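Use the sequences and the hints to build the structure in full.
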Amino acid sequence: MSYTYADLAQRVREVAPLTHCLTNSVVPEITANVLLAVGASPAMVNHPEESRIFAGIADALLINVGNITDPDVAAMRAAIEGAQKAGTPWVLDPVAVGGLPVRTEFARSLVSGAYPPAAIRGNASEILGLAGHSGRGRGVDSGDSADDALEAARELASRTGAIVAISGPTDIIVSEHTTTHVRGGHELMPQVIGTGCSLGAVVASYLGVHSDDLALRHAAVVAAHAHCAGAGTRAGADPQVKGPGTFAPVWLDCLVHGPESVEACTIAEGAHD
Amino acid sequence: MSYTYADLAQRVREVAPLTHCLTNSVVPEITANVLLAVGASPAMVNHPEESRIFAGIADALLINVGNITDPDVAAMRAAIEGAQKAGTPWVLDPVAVGGLPVRTEFARSLVSGAYPPAAIRGNASEILGLAGHSGRGRGVDSGDSADDALEAARELASRTGAIVAISGPTDIIVSEHTTTHVRGGHELMPQVIGTGCSLGAVVASYLGVHSDDLALRHAAVVAAHAHCAGAGTRAGADPQVKGPGTFAPVWLDCLVHGPESVEACTIAEGAHD
Amino acid sequence: MSYTYADLAQRVREVAPLTHCLTNSVVPEITANVLLAVGASPAMVNHPEESRIFAGIADALLINVGNITDPDVAAMRAAIEGAQKAGTPWVLDPVAVGGLPVRTEFARSLVSGAYPPAAIRGNASEILGLAGHSGRGRGVDSGDSADDALEAARELASRTGAIVAISGPTDIIVSEHTTTHVRGGHELMPQVIGTGCSLGAVVASYLGVHSDDLALRHAAVVAAHAHCAGAGTRAGADPQVKGPGTFAPVWLDCLVHGPESVEACTIAEGAHD
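Protein chains in written order, with UniProt numbering: chain A, 1 to 273; chain B, 1 to 273; chain C, 1 to 273.
Careful: at least some of the hints might be erroneous.
Distance condition first, Cα-Cα at most 25 angstroms in a straight line; then the derived DSS-like pairs of lysine-lysine [said to hold, decoys possible]:
1. C:Lys242 <-> A:Lys242
2. A:Lys242 <-> B:Lys242
3. B:Lys242 <-> C:Lys242
It is worth saying that the hints were derived from the structure and are not from the lab.
These numbers were taken from a predicted model, which means no experiment stands behind them.
So, in structure tokens, the structure goes:
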């Protein structure tokens, strides 16, 4: 390709994509701080009337179904309608889908809807659950390995045109003809709430800047994962970090350095076998 | 007893109890981070339909009435019904009860309901307010001393079978025949929002693992308090800590070390006089 | 004047004003931590029935319309009615007003209502939007400079009696006959979500203590701005700070030292030209 992943990270900071986040009640603050750190501009707009308008103004939209309530569903549906009208790309984070009925039905309806997501990001159990397989997740933790979910991810990618990212110790990013592995991160990352949810928002920001064709979108999703994971790798090596509490602020500091973070990961690319 | 408090802390990390938190809008992020730090698995599920199901899957449930709204009340009632059906133990945190009418009526109805909490954790004014006495609280701060609330706590414990914990510079844990004092913590802890609310969630996690009999449940509530307070004692002694902002991440780091935290407290036990 | 700005900061800590915050879903935790750090007592009470009562008990009220939903509007209207009855001063933070219709109509209705705010704090685009001019804001960022909004601020101040603060690299505080410039802060402050929103809460706390006459209220709003900005200046000079993640906790630590923070700013006063 004619650009490096580090170039994509650099471009996000230059453009500062306005990223509309409809996310769960636990993580809005860290999500906003992560977006600011990567150079994006976060906004959360939950009133259905405003959400519809704002999704048309924004460069990208995140729909995270963790802890949804009925008013959230209304705000999300309105936002997706606004996004469709304006062509705004959006990302689905299917938190705990497969395990709980309201969000499972809702997330599946979005995926088969008139304007499916440009990308889907979840752990293995969530990707299995979204695809209609029964995963082993319990709560928000995955009971399945990323490899278990690979076929489901390929099926989702093929059916919807979305890029599907399976988060885990190694992240796997799948689109119709390509599978990429991103190795990086740090064992403290899952001990900080919102590192996964804010990754979904970062994916949206990257797609808000890089959306020309499927190959570029795939690369953008890979770069977003490498950006967050590589910042984790670098933060984990900082001598100030003694545990999850001191890890979180150093990780945010590292996110500011997108190209360096991307380059801290091992990225293995390849077409499908 | 045949186990130490440090053993109980260790066991929480081994089991990683899935802890369903219905808490107020200010503290979900720190609550989740505290639960992760002590080795539990947090989840917040607020849709009434999902909340009912999830309380049956989870190992423990927290109901924190700080800043409740009508939809929260519905989610909480549904969760308690689900918990009752499955026998899931739950903890009530009666934030500002006694001072504000909606939460006071709601919290009192839960305590006299069909499935009362396994534990109640609040400051002195809140325990007095929950028991029907008029405390001197204003907002979320206690205007009363822990000793003032001791009789009210004993009455609540006797009436409901719950273990009642009064938070303060010295925490007092009361069950029908036992009163235990936990001395520890640090003066910066009340300067960090959510240290008290997340203690309620930690109590729930401990009860999700240790629930065989009243003596074990009492010990679990004591250990949860010692875990959080002792981590505060240890964090406050760290030379990196210069104020409440730098205290919070170091406290989270210290929470990872449960047995060491528990042992940093002075625990004075005894049957009622 | 017979008091210094540092005196006003000191007095806030002595009184610990109970500050009722109805704020957006992204920033309640940092808002509460900031209020605790400056010596105030935060509380968030969103149930309309309780909100009305609590606004009468509290020393000050913050209304932040970022991310409002219909239930928030109900809670805010009830709180302002309670504040009016008790004479509690309140602050309006018109987040993204001018750009989104529901909050714009709501915020304008409050400003022309029966009990207008004692102070208004926003960025230049928001002040322009609130005054009915079309600003260049997109999302929550200002597309206008503070000087652009000066006339709109004077018009609002004159029409409502409120003190109007325009946030920016230099903050401008305007009341009917006085304009004050506060220079301080740090370039990392806008990279931490909630530094602006929590400033609105600090302004409310200061007004909860200092409300005798317009000159004192003006000085209180100036001191609140200098307190937050000066803590930013001091935090930014700390060698531990390497980016927005490590800035945030050090900033909270610095906020504990109100008089020193105030004195780290340059404050230029003057009557209107």
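Would you list, in rising numerical order, the hints stated earlier that this structure does not obey? none
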